[in-house]
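Student: Using the sequences provided together with the hints, build the complete structure.
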Amino acid sequence: MTPGLDLRLYLVTDRGLAGPRGVIDTVAAAVAGGVTLVQVRSPGATGRSFVEEARALKDLLTPLGVALLVNDRVDVALAVDADGVHVGQSDIDAVTVRAMLGPRKIIGLSVGSPAEWQASQHHLAAVDYIGAGPVFATTTKKDAGAAIGCDGLASVVTLSPLPVVAIGGIGAGNAAAVMSAGPQGIAVVSAVMAAVDPARAARDLRTIVDQALETTS
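All letters in the sequence shown, in the order written, are residues 5 to 221 by the working numbering.
Hints in this document: simulated from the structure, not taken from any laboratory.
Ideal Cβ positions, reconstructed from N, Cα and C, are used throughout, including at glycine.
Treat the hints with care, since some could be wrong.
Unchecked claim - Label-pair distances were calculated between CB atoms; the ranges are:
1. ALA103 x GLY8: 17 to 25 Å
2. ARG207 x ALA103: 34 to 42 Å
3. ALA150 x GLY48: 17 to 25 Å
4. GLY69 x THR211: 18 to 26 Å
5. HIS126 x THR162: 35 to 43 Å
6. GLY177 x THR220: 18 to 26 Å
7. ARG52 x ARG25: 16 to 24 Å
8. GLY8 x VAL200: 25 to 33 Å
9. ASP201 x ALA180: 17 to 25 Å
10. GLU56 x ILE96: 17 to 25 Å
11. ALA119 x ILE28: 37 to 45 Å
12. GLY106 x ASP10: 18 to 26 Å
13. VAL200 x SER53: 32 to 40 Å
14. ALA150 x ASP214: 23 to 31 Å
Tutor: Laid out in structure tokens, this is it:
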């Protein structure tokens, strides 16, 4: 059974930021601290090493009820029976991904502006959630678009009938402001992957998100 979609604290992996500690141990600590969804992203990795990493994460996360998504690579997701895939505007279109993965898997789509939202309309029936951003400038994704800020995020949230997770330059210092724009959660990379104590970093962020959601519920 595919774990449910829980966007509250969405972790995107990064091998470089994990350093000697490694991705698997970092993710394990982060999930113990409150991460609710994990996307494995490993640009430049060989197909074999990407599959090995994704399979190890799947083995870790499934017993914990935490979904594993694969960034872009539908082949890797199929190889490890991941819970879904996240695609960007220039990746394989979501309708094609849905046909490849079937009806039960999770599909996320990146949207960086209201204009991209309009351009994505014919794909939305195949999508489960929207990743909106980058909210702030980020160095963890080289092809990220221009920052949209909290106002741009709020515009996407208003337009979207689907759940929205905010991404891009988000950390403990600005997470509350991001949540005030109305997303269902935040996606983070360096704020957890590069933290000295990933469990504590995740716990602090999860507290901010939960408090914001309680206020708006």
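Student: All hints are to be evaluated individually against the structure, with a verdict given for each.
Tutor: Each hint tested on the structure:
1. ALA103 x GLY8: 17 to 25 Å: holds (23 Å)
2. ARG207 x ALA103: 34 to 42 Å: holds (39 Å)
3. ALA150 x GLY48: 17 to 25 Å: 24 Å Cβ-Cβ, so the 17 to 25 Å window holds.
4. GLY69 x THR211: 18 to 26 Å: The hint (18 to 26 Å, Cβ to Cβ) holds, given that GLY69 and THR211 are roughly 20 Å apart.
5. HIS126 x THR162: 35 to 43 Å: violated (20 Å)
6. GLY177 x THR220: 18 to 26 Å: holds (20 Å)
7. ARG52 x ARG25: 16 to 24 Å: holds (22 Å)
8. GLY8 x VAL200: 25 to 33 Å: Taking Cβ atoms as reference, GLY8 and VAL200 lie about 31 Å apart, which means the hint holds.
9. ASP201 x ALA180: 17 to 25 Å: holds (20 Å)
10. GLU56 x ILE96: 17 to 25 Å: holds (22 Å)
11. ALA119 x ILE28: 37 to 45 Å: holds (38 Å)
12. GLY106 x ASP10: 18 to 26 Å: With Cβ atoms ~21 Å apart, the hint holds.
13. VAL200 x SER53: 32 to 40 Å: Once the Cβ atoms are compared, 26 Å apart, the range 32 to 40 Å for SER53 and VAL200 is violated.
14. ALA150 x ASP214: 23 to 31 Å: holds (30 Å)
Violation of the numbered hints given earlier is confined to hints 5, 13; the remaining hints are satisfied by the structure.
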